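Peer 1: Sequence:
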Amino acid sequence: MASGAGEQNRSTAATVLGFPVHPGRSAALGEVHARPAPLVETPHLLVQLAFMTEGGATVDHAVLSDLSRANGVAPPDRGARHHTILRGRGALRWERHTEFSTYLWNGPLSPQDGKPLEEPPFGPSFALPGVVLAGVRLEIRKWTEASERLVTGFDAASLCYSLVENGQAAAITDFRQDGDGLTRILVLDRGLTPARAGALAQRLIEIETYRILAMLGLPLAQELSPRIRRIEDRLADVTNRMRTRSGAGSQDLLTELTDLASELEADAAASLYRFGASRAYDG
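Each residue of the sequence shown is one higher than the one before, starting from 63 at the first, in the working numbering.
I should point out that these hints are in silico values taken from the structure, not numbers from a laboratory. As the structure is a prediction and not an experimental result, all values here were calculated from the model. Built from N, CA and C at the ideal position, the CB exists for glycine as well. Keep in mind that a hint or two might mislead.
Stated by the list, open to error - For lysine to any residue, the following SDA-like pairs were computed, each having C-alpha atoms within a straight-line distance of at most 20 Å:
hint: 1; residue 1: Lys177; residue 2: Ser209
hint: 2; residue 1: Lys177; residue 2: Val213
hint: 3; residue 1: Lys177; residue 2: Arg151
hint: 4; residue 1: Lys204; residue 2: Ile234
hint: 5; residue 1: Lys204; residue 2: Gly241
hint: 6; residue 1: Lys177; residue 2: Leu244
hint: 7; residue 1: Lys177; residue 2: Ala153
hint: 8; residue 1: Lys177; residue 2: Trp205
hint: 9; residue 1: Lys177; residue 2: Glu210
hint: 10; residue 1: Lys177; residue 2: Gly215
hint: 11; residue 1: Lys204; residue 2: Asp175
Said to hold, decoys possible - Restraint ranges, calculated between C-beta atoms of paired labels, are given here:
hint: 12; residue 1: His144; residue 2: Met304; range: 57 to 63 Å
hint: 13; residue 1: Tyr223; residue 2: Arg291; range: 36 to 42 Å
hint: 14; residue 1: Ser187; residue 2: Arg289; range: 40 to 46 Å
hint: 15; residue 1: Arg97; residue 2: Ala330; range: 29 to 35 Å
hint: 16; residue 1: His84; residue 2: Ala332; range: 34 to 40 Å
hint: 17; residue 1: Asp314; residue 2: Arg273; range: 47 to 53 Å
hint: 18; residue 1: Ile274; residue 2: Val121; range: 19 to 25 Å
hint: 19; residue 1: Ala342; residue 2: Gly150; range: 33 to 39 Å
hint: 20; residue 1: Gly117; residue 2: Gln313; range: 45 to 51 Å
Assemble the whole structure, with the sequences as input and the hints as a guide.
Peer 2: Okay, structure coming up:
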């Protein structure tokens, strides 16, 4: 009986109304369920660090495996892209992306004094899989007169205050970093379910993380800008000389044009990945 049921499930997964399916369909469908938002009870703290993994997946997996074993959890498979470690009253979730990985801690805050009931694990003993690119500290608190006064702790010059979830919550940030280097986000909650609170927190953290990732293309753009201007000036000069130079000098002009084309092509190739990634993160 069990074997028959298993065969029926495999048959269903391999077909749609009896028609064969694309070999990548199962993975595409599974991705929808691979990143569930945490269920968040207010008040709550979420801290996420995003690491650039220049050392590759091997280093990333080794760090995660050691961390898992230290917390009595079996390490994930080498091909895993998601992994969760339960620690006391909180949870640490790891996720691998194309060029970075994230560690998201979420745990309850004390309703009395607003302090974490379980401290995030990002202390001096936390092994780093790479350099930190983005860090976010998000607190969700009940919307009260006392919690509203926390807004005064943000920089008024860059304050962003948005009503979300049909007015059931407010998201506040000034995009500045605290003493620990984390971008601070405050969510005031006046009626969110744990599922909606978790989904909102996840989305806000992702917005901040991808904002930083998208901006990685800016230093490269600033570096290339004067070089492109020089190429444009040299091209204009060559074009002007083409109108006055006799046929005897055409070979020299062709050589200059070839050099300009090579230089421009090299810069385009060097920037292709970074600018493409910035477009993807911005989208």
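Peer 1: Check each numbered hint against the structure and report the violated ones by number, ascending.
Peer 2: 5
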